[in-house]
Structures are given as C-alpha cells and as structure tokens.
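**Student:** Kindly generate the complete structure, drawing on both the sequences and the hints.
For reference, the chains in residue letters:
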Amino acid sequence: MLDTMRTLFLTFLHAFRHRVTIQYPEEKPYLPPRYRGRIILSRDPDGEERCVSCNLCAVACPVDCISLQKAEVEGRWYPEYFRINFSRCIFCGFCEEACPTYAIQLTPDFEMGEYVRQTLVYEKEDLLISGTGKYPDYSFYRVAGVRIAGKDWGESEHERPPVDLRTLLP
Amino acid sequence: MTSIHIDGRTCPTRPDINLLQACLEAGASLPYFCWHPELGSVGACRQCAVRQFSGADDKTGRIVMACMTPVTDGTIVSIDDAEAREFREGVIEWMMVNHPHDCPVCEEGSECHLQDMTVMTGHNTRRYRFTKRTHRSQDLGPFVKHEMNRCIACYRCVRFYRDYAGGDDLAAFASHDNVYFGRAADGTLENAFSGNLVEICPTGVFTDKPFSGAYSRKWDMRGAPSVCVHCAVGCNTIVNARQETVRRVLNRYNGEVNRYVLCDRGRFGHGFVNAASRIRTPLRRINGQLVPVSTQDAMAQFSRMAARGPVVGIASSRASLESCFSLRVLVGADRFSTGQSRQEQDCAELGLSLLRTHPGLIPALHDMESADAVLVLGEDVSATAPRLGLSLRQSVRQASFRAADAAKVPRWMDAAVRTLGSECSSALFIATPAPTDLDSIAQETFHAAPDDIARLGFAIAHRIDPAAPAVSDLVESQAALADRIAMALVAAKKPLVVSGMQYGSPALMRAAAGIAAALATKTPVAALSLVFPDCNSMGLAMVGGLSLDAVLEKAEAGEIATLVILENDLSRHLDPAVLAKLTEAVPGIVIIDHTMTPLCETACLVLPAAPFTECSGTIVSQEGRAQRYFPVVFPSAPIQSGWRWVQALGQHIIVEDEAASAEIRATGLTDWRRMDDVTLALARDIPVLAAAVGAAPGADYRLEEQRPRNEPHRASGRTVIRSHISVRDQPPPASPDTPFSNSMEGAYGPDMPAALVPYFRTPAWNSVQSLSRFQQEIGGAMRGGDPGVRLFADLSSDQQDNRQPLYSYSLDIPAAFRPQSDKVLLLPEGRLFGSEELSLHSPPVAARSAAPALGLPAGDVPPGRVTLHLNGGVHDLPVQEIAGLPEGIALCPPHMVSRAFVFPCQASLSTADGKGKRT
Amino acid sequence: MRQPPFLAIILTPLLILGLATLLTWVERRLLGLWQDRYGPNRVGPGGMLQAVADGIKMLFKQDWIPPFADKGVFVLAPAIGMMTVLLSFAVIPATSLRSIAGNLNVGLLFILAMMGLGVYAVVLAGWASNSKYALLGGMRAAAQMISYEVFMGLSLMGVVMITGSFSLYDIVAAQSGLWFIVPQCLGFIVFLLAGIAETHRLPFDLPEGENELGAGFHTEYSGMKFGMFFLAEYAGIVLVSALVTTLYLGGWLGPFLPAAVWFVLKTGTLVAFFILLRAALPRPRYDQLMTLGWKVLLPLSLLNIAATGTILMLRAPE
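Residue numbers (full-length UniProt numbering), protein chains in the order written: chain A, 1 to 170; chain B, 1 to 919; chain C, 1 to 318.
It should be emphasised that the hints constitute simulated quantities derived from the structure, not laboratory data.
Heads up, a few of these hints could be off.
If you want a taste of the chain A side facing chain B, the calculated C-beta under 10 Å gives, among others [unchecked claim]:
hint : residue
1    : L56
2    : C99
3    : S130
Glycine is no exception: its CB is placed at the ideal position from the N, C-alpha and C atoms.
**Tutor:** See below:
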C-alpha cells in the first residue's frame, strides 16, 4: 500500500522534471553517424562505383525493395540500374550488413517525406554519392583476384604473379 | 536387401554403388567435388572423407574416401566423426588458400557447389596469410567464360570434356599446385557439349558467357520446365527469366532422355526469343509496306479476307501440337497442310509407319547408351541430333564395362574402367556419305552415296535374316563389310540401328528398319531409332495433313482465297520459284509466327505468336515422347500462343459468315478457354495422340493444395522491380495455361511431378548438385516419375501379339550410285550451328556458325572459289576438301547457301574462270 | 408536475461528451507531463484541438462490421455503454440547483442501477464480436464488474446510513459540517477502488489487457462505434469522480468560491488522480484483482458498515 502511494508520489513529482522530448522540426536532434536513415551508394577511393551488383542487398532485404541489374566493363561489374523503393524500405540496415564491398550505406538523413509516393522510388543517380562514406580506404577490386582494366591476373593484393605453365621447374 | 549404417542409422541401399552415393541417397549431407553420377569416381578432391568401421567391435575405424569405397552389406560409417569432419574442413581450407575471393563478381555465386560445401564443412575463417598462386585465364569462345583462379582441381571438366563428350581441345596442364585446365592456347572450345562445363564445374571456373551478359542470381530467376525446340530429340530444359526477359537455358534431368547433358545448340540457341527479329505487334500490309496495326484492325482485315473464299491452313513441324491442331480444326482436315514438301512429308510418314510397325524396341536416349552394337545408317547424328550422338558415344563403353565386370572392378571406378576400356574394341559402325564426329570411335566407317549405304543396309538385313531380300551385284568389299556388321549386330545383346531423314532418302530408312526387323527375329530388344528433322516433326506426322505440293495444286486451281501459315517459313521447304508460284496464286496470306522470316515479305497480315518461352505447348520427340513446355515469360496483350490466334481467327470468320459460323461453333474451337481444353479436344480427335494429355499435369494441378511455385522462395525485388513504371504493387502474372503461381509463393519439393520442376534446390544444396535429392536413386528416375509420356508404348501393348505380321521387308532396293560427268549429287552437310532455323537468331550461336563452304572429295578440289548452279540460283562458294567423301558428291550446308534444300538435288559446278567442272 | 428542463436535457449530454472528448487530450497531456515528455501539443493551442482531430478521424473511418459478428448486438453494445453513463449524470448535483432529474429520492440507487446495466455493453460487445480475444475480454469484464459492484454498493451503505437518504442532495447537505471522507475513510477507499474497477480504467483495465488480448472486448470495433466505447470510458471517469465528490468530498460545498467551481475543482482533481494512477501503476494479474476484491475490499466494506452502524447506534438519541 505504502509502495503504491510512494510510486504515485514519485510519478507525480515527474511533473516538475525537465522534458526529454526534442521539439523537431524546430529543434534538430543529434544523429550518430551510424544512424540508419536514407540509403546511399558510395564510391571507392579511386572514385569508381563500389557496387559490384552482387545482388546480396536485394536478397537480404526483408521487404524486397531493392532491385538491380548487373552490367560489366572489362571484368568490372557495376549495376546497370539500381533501384530502391523507399516507400517500402523499413531502414533495417540488412542491406548494409550484406554488402561485401561497403557500397551500400545508411546515412543519418531521414527527412524523406513526399506527397507523391512515386517520388520515393530512387534510381542509381539518386543514390550514388561522390565520396567513400564510412570506409575511406576500402576497395574491393584491389583485394579480389579478378582481372579488370588496369589490373591483370596476379596483381591483386596478396597475389603472386601468374604461373608459367610451360616451365619445367618443380 | 543391402543396408549400411550411417552414424548409427540403418539405411537401405543397393550394391554396385560407392559409399558416397549411398550416403547421398540415404539423405545424408556429405561434401564432395570430383564425383559426378555420370562421370563416376576418381578420388581427386579428397573431400568425401568418412570414418569406416570394420565391424561392431571396431571402435577406431579408419578414414576412407567414400567415393572410392564400394558399398557392402552392413558397412558401418560415421560422417559425423570428429576427425573426419576436421579432415574435410582441412581439405576445404587448402582449396580456399588460392581462391580469389571474388564471389560477389562470380557468375557461379548463388548456385556454387564450392560455396555450399564450404558452408557444409564449417570452414569460415581464413588462416592462410601468405600470397596466392594465380593463373591467366583464357578466352574460350562465345559460349563459355574461363576464370582459372577459382579452380579446385577436381578434374571434372576434363573428364567430362575428353572422356565423356570426346573433345580433345581441353586438357589439364602443368603439375602439383600449378595444375591448369584449359586449352593449349586461347580459342573456341570445339566440342558440341562445351556448355555443360558450366553445370559440371562445381565452382566458377567455367561459366555461361551469354548469361553473364544478362546476369541474374539463381534465387531471383523464375524457372519454367521446358523442352528444347532445336532438334527432334526433345531434351528437357529449364528456361530462366527475370523481368520478363529470358536469361538462360539449363539442363533439366530426364532419366530417360537427356539426363545430365545438353548440347550447345539447345543451351545457347534460345536467343531468338529476345532477338530484334521477334514480331511483337500485328502487322498489316498497307501500300506494300508491313505496318503495325491494332489487333482489332488485323482481325477486321482477316474477316474481309475470309469472306473472299476458302481458307487453307499450313502448320509447322516447329509449332506445338495444340497450335497445329487448332489450325486443323479451323480449316478442316481436308484443307490442312503439314507445311512440308511432299518429299519431306513422305519421309516423315514413312518414318512414323516404320517405327509403328517395328517389331522390336524404340529406344529412349538412355536405352541407347547401353546398346552394345550400334549401326548408324546414313545420318550424321552428331549434327542433326547431337544429344543422341553423345548417347551413341557412351554406348561404345559397353565392352569396357564387360571387361571391368570380369576384372571385378566396379563400373563407377572411372579411371580404372577407362584404362581397361582403352583395350576394348568398339561395336559402333557408321555408314554415312561424309565423315562424322563419331568416326573416331567407330570400329568401321563406310562413306558412300545414300543409295549405296541403303544397299549395304539391305545386304546386312539379308545376312541377318535370309527372309529379307538380297541385294544383287554388291561390290565384294561391301559384301564383306555387310558380313562383319551383321555378325557384330547378331552377337550383341542389345543391338541398335539408327537412321534418319537428313539425306531425304526413304531407302535408307527402309534399309535401317529392315535390319532392325531382321535383328528382332533374333532378340526382342533389337532397337530402331529414326532421327526426325524438327522438334515436333513426329507429332505433326501423327496429326497428318496435306503436303505443300498438294496446297500448291489447290492454289493453282484457284481453290484458296486465304492461306493461314502457322510458325512456318515456307522458304525453307520450297524452291524460290515454286514458292513464288504459290504466293502469286493465293490472294491473301496470313502468317502467325514469333520471328520475322523471309516469308513475311509475302504476307498480307502477320500476327505475333508466343515462342516456347511464353506459352504452354506439347511437342512429340523423335522417340514418340510427348512433352510439355511451360511459359516463363508472360507477354503483354498482342502476343499470344498460336492456338489463341487461330481461335481469334475462328471468331472473326463467325462474325462475317453465317454458314461457316455454325460449322466452326460445332467444332468447339471458340469454346476453348485454356490450353488443357485444346489438348483434350486433340486427344479426342486423334486417338494416337490421346496419351499426350498426360505429358504434364494440367492447369488444375495443385501440390499440397497450392499452386506450385516457379520462383525460388527468396526471389528478391518484388516490391520494386517495376516501381519505376508505377510504385503500386502488381499481382504476379496469371496464366490459365499453367498450374504455376508465377511467384515465390506456392508449393515446391523434391517429390513434385518431374514435368513441373522449375529449378533444383534443397536446403543447404543451392547448386545444381541438389538434383540428386530429386531422384529416386541417383542417376535413376525422378522422384515424381520421368517427365513425358511415350506414345509408342501404348501401341506396343495393344499390338504385342499381332505385331509381327505388320512389318514386311521392303523390296524397293535402289540401284548403286553412279557419279555423273556433268552434275554432282549435292547432299546437305548438317551443321550443329547454322542449319537449324531458330538458333541462328541467337547471337552466340550465330558467332559459332561458320561461313558456308562447298565440300568436295579430296583430290578433286579446284583452287579458289567455285560457282554452284542450283535450280534455285547461282552461288559462289569457297571450297573445302573433305577426305573420305565419295566421288560425284558435293556437300553444302542446308538453308545457308540457298534458303531451301530440296531433294534430290543435282547441281553443276564451275570454277571462277568460267570453265565447267566435273570431268 | 413541473416541466422537464429541456435545455438542460440537451445541453448536459453535449457538455459531458465535450468534456469526455477534451479529457482524451487532457489525459495524454498529463501522461506526458508525468513521463517527462509533452504529449499532443501541435493541433490548436497547446494541442487542444487534438481531440477534435481524433474525433474527425474516427467519424470518417469506415464503419465496418465484421462479417462473422452478430450484427444487431454488435451495434447495440456501444450504444448501451454510452447510454448508461449519460443517464447517470441525470442525478448528479453539480450545484445546489437541481439536476435534470431533480432531487430524485433514490438517486444513488439509480446510479448503481445504471452502472449495473453498463456491464451489458462490455459483455455484449465481447459476445457479439464472435472473436476469441473479444470474448475473453467480455468474460473478464463481466466477472470484474459484477464483483466490484458488490463492494461499491456495500461501501456506500455507510454514507447512506449516516445520511439516512438515497438522495444525493441530502447526502451533500449532510456534509456541510464534515466531509464524509473523514468518518467514512474506509468506505471512501473501497468506493474509489471499486469505481476504478467499474470503469475498467488502468490499473484495472484487464478486460482490455492489450498485451494478452489485443484490445479485449472492443478488438473488433472500429470507427465511431469504437469511439463510443472510448468516450463512454472517459465519461465514466467523470461520473465516478463526480460521484466521489458528491459522496465523500462535500459536493459543491466550499468557502469563498461559487458552488459550481468547487464542484468542478474537486471533480477535476479526482480525474487527474485517475490519470496519475494510469501513469504510475502497473496492471495486476487477473487473479490478484479478484483476490483484492473478495479478500480485502469485501471484509473492509463489511467492517465499515459494522463500524458505522455501531457508532450510529451508540450516538443515536435514545
């Protein structure tokens, strides 16, 4: 009984406390860099698209709101189109988790409200930024052992030059 | 009953298989790489280690390679054993040491056996910190992409390519850590089955190059069980599509027919469905030009045309049974043509009647693989029916299997059996005008004119069964050859005779049937196989109809006002002059087709039909197997399947004509609502095709009370894939012609009917290796029964007793061929790429089709180019010397030089300087 | 016979409804206050029009009746709930002037009767919805409300015994010396708890119990039919508060200020107390609720009657 009265009293005292609500949009809250907001596609340190259109983000997406098509230039894969339907996106960040190249990243921007739902469909041009995002140094193609323009077989990180098949040495 | 104990679980199994296969059949998950049900075991990858115990008292046991250990009754093994697990994980770790870690940009990703096995063994952290060994990859031509760094050295590729498919331009090079699988130098893989490397390779070394250009992950693609339309063999395929475009064709296992292998024409020839040559709207000729019009306008035009007089229909050997039948219903049987020239039609009808009256077996492809003596009589099967040729190649191994059995070596012990087999003699005899790919494994070959080959055939029949007519004045060498072949065939347990209509010679087929019938007096399993030209030639022969020559007669008599031509390019069947006569005699030509053909130039109306990837249909293969294909893409409004167009035509005849209206209504044509209705009507109307209804489950079929799904359960992008058009979600496409849900929702499982399997996947097995879970026993029939129904099977059971009298030996023996001085006998040189109509619209196949050349006997070749004078025109061609080609014969790829190839074809040649040739 | 006060008959329900609507906003603001946040503060001055916005939303929602429901009863249930609460107000004396029903000599009994009828709204709603959550909610409500009606009635006996009348005017008038909260503190506590349970407010809102029952008896309700339950609940709060004021806190009596203001002040404080209860206390288990009723409140109210009776008898002039 006393406990109950004490609870009531303590709760009542909260009427005189500071209120934690931030009066958005008059006040802007601080969002940490890893806040899961609007999705972007980043570029690698050389300024090339990081996305290699592996489709892992699309398959990880629980609401199936990512779609893309692979294209290729001299061994380098990139998305021919990359489309996110933000009217379906739930900002779970699974796509970022799934991305093997740090291409897809979620940003602290969440102010995406629109009056027309169709405008929430973002194409690659809308998603691609000019920077590297949260991972300034990573480049998938420097690590993976595939040949692209400007990098031949055996020139990736941790690779020996190609084997000479015709040598008689052991 | 044999049984083995796996981790304390007793599993029934069968003898004569290895432990790995037994474990997989028991449902256990045991990683492996180098073993393949069709290639046997070589123990190269060391991945399938298990612990085997010698008895109940043995507590230690020993690690063995399951794929190299035979099953014996009561074998006790442990897959779960800690040391065996560690061993397998270690093996994977070694394999991954040099792996390039490029899965995101690897076409194999999502259906990679190496990925599956890595997950299965539990290897997930890379410990190796040193540098990786690398290789240079090669350009292997338009079909296959090579990325050697992904290799795990399982040797499957060379074992398939060299040992199984008989190729010689892919090999293993270098040694130890450096071993390399590729060609001696960059260049196109020559073998007709190179595309199978894509599925054989457990990782991404060999990937599908055309598919890479329109790449999509396996989990994203809708699959449709389909049937290859590029030859008469009827291989089962899976067509994959995403975003309403066809992406690739994969092999679909049918234990009786194609099993694990598909030829390159079938795998890469599908490009015509996406090609620019597709017809996508109705076209109407206005002021001499074909102009896109609305369907309404086109139908109104047809109503006017139909009002002018009788309508005659021309079907096609590449259209489905349903489309052909609907046309026959529309125009009536007496105005229905099969769309073949009289000569082609005679051949097809003769082939059908020979097969029907044949007293022995009509083998499926898999049966041919176990034939122990084979005679190929006048057909280059490796060009006209490539998959059949591959089956014949396997049949040669029967002798080595016998030797292995005698040596008590299990048949799956591949390296040992092949070593033994190198000593064994082949029992394959080939008699063709020109050399074929199979010559290298034949015991004897015989190159002569078709008539001479037929004479040899009749002589063999006479040697086997004296009741058969004798051939007079046979050359002594040929008589001796006939003796040897006859002896080999009679000695065989399962003899097989293969012929066909490539050379348009009824005598050849009669001779082949004669040999098979003669053999049938010795053994009931004597088999006869006849190769038909097109995917539904057999079905069309069963439907029957007028020949094109009969249509021409009608046309010239003014009895045709409108000609409805269904999926048929008549210019491939008629000489240009004859075709011109026909088109001039007919005022109105309506063409229903999916691809622009030269014939469309003569049409008043062109209607866009759906190709095999966009509609359902049933076709009958050359072994009389009715099989159904299902749509994977659902085309928008004007494009619809052939029979729906025919139905629409019927509805518009009704509008105009009261009398015809009643007639058409009586046929029920206008009441069909879905394809099953057409198939049922067809079965009622044509008794011989009655069983075709059972080719696949109908549209009402439900699995576990749901529609079967044809997209993988994790297909992505459902809410976005078409949101650039409209952000509103759309329901999945619906079709009344298939039982599928056309979405990722629905039933799916290893026990589903094999005719409906849209893709192969089971939990933890994402690659095509999951197929083994869909089979009753690995390499055997599918769990849901092998797809398709044999139409001949019914005949044999009905007429088992009174069958013998049906066949009577033909007495029509041709005279020996005599080379003429002023003319050559021009014979078609079947080509894997180029001869077939539709596949040539596929860019990779077009890239592989070589420019036509004129083949002339060796030693008789003038330098430079030669001018060929055909009755259809004059052609300037390069010359190719062909060793073994008999005198007086020239070879020319059909449909590539002159569009039509009309038998018998006599031509004259002249050299560039104008002098007449042929001395 | 005097003319019925038509104006009052029309105005009072409207006032009560308006008050209930406003109360939804007041509650949310107060909850916000006690939970260190703001609550609705955007629509209108201080967010006051939030209730109007909600009302508009509710009015414009589709008036949907589930196809599996018992249609007639389904529609009837919220009407019963609304009706009983509104009718109860007829006898509440806000000031010394007469209420709608005049000085009804059985005013208290009338209110008890109306509260008894209110059970039907909840039970029928649960039953007619034909859905398992609604039915469970309805059953809980029936058991809870019938049980607590017993203690409510018993706890009032003290007041009635002292006053010797069921008329609420007489009861208020009897408190001019000392509010009944002092002599009847036991009765006050029991009545207050029973009142919360009767209006199934938090912490005794087990019939709704959203974490286990969805929304309890009104799971299947939407649109204005749900709105009627909603408003009836808030009107019920006002009713119980007004009743407590009348019975124990001296009604409109008070110095300096006009009578109506005193009445509103007292009632308002009680309403705020109701809301504080919601902000502070967790919901007990159902068996705890019943245990509290039958094992604590029933003996207490009986004790109260016995004690009051004894004192009255001792003090009674021979």
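**Student:** Run every hint past the structure and note whether it holds.
**Tutor:** A quick look at each hint next to the structure:
Because the closest C-beta pair between L56/A and chain B is about 7 Å apart, less than 10 Å, the hint holds. For C99/A, the suggested interface contact is upheld, since its CB lies about 9 Å from the closest CB of chain B, less than 10 Å. Nearest Cβ of chain B to the Cβ of S130/A: about 22 Å, over the 10 Å cut. The hint is violated.
Hint 3 from the list above is the single one not met by this structure.
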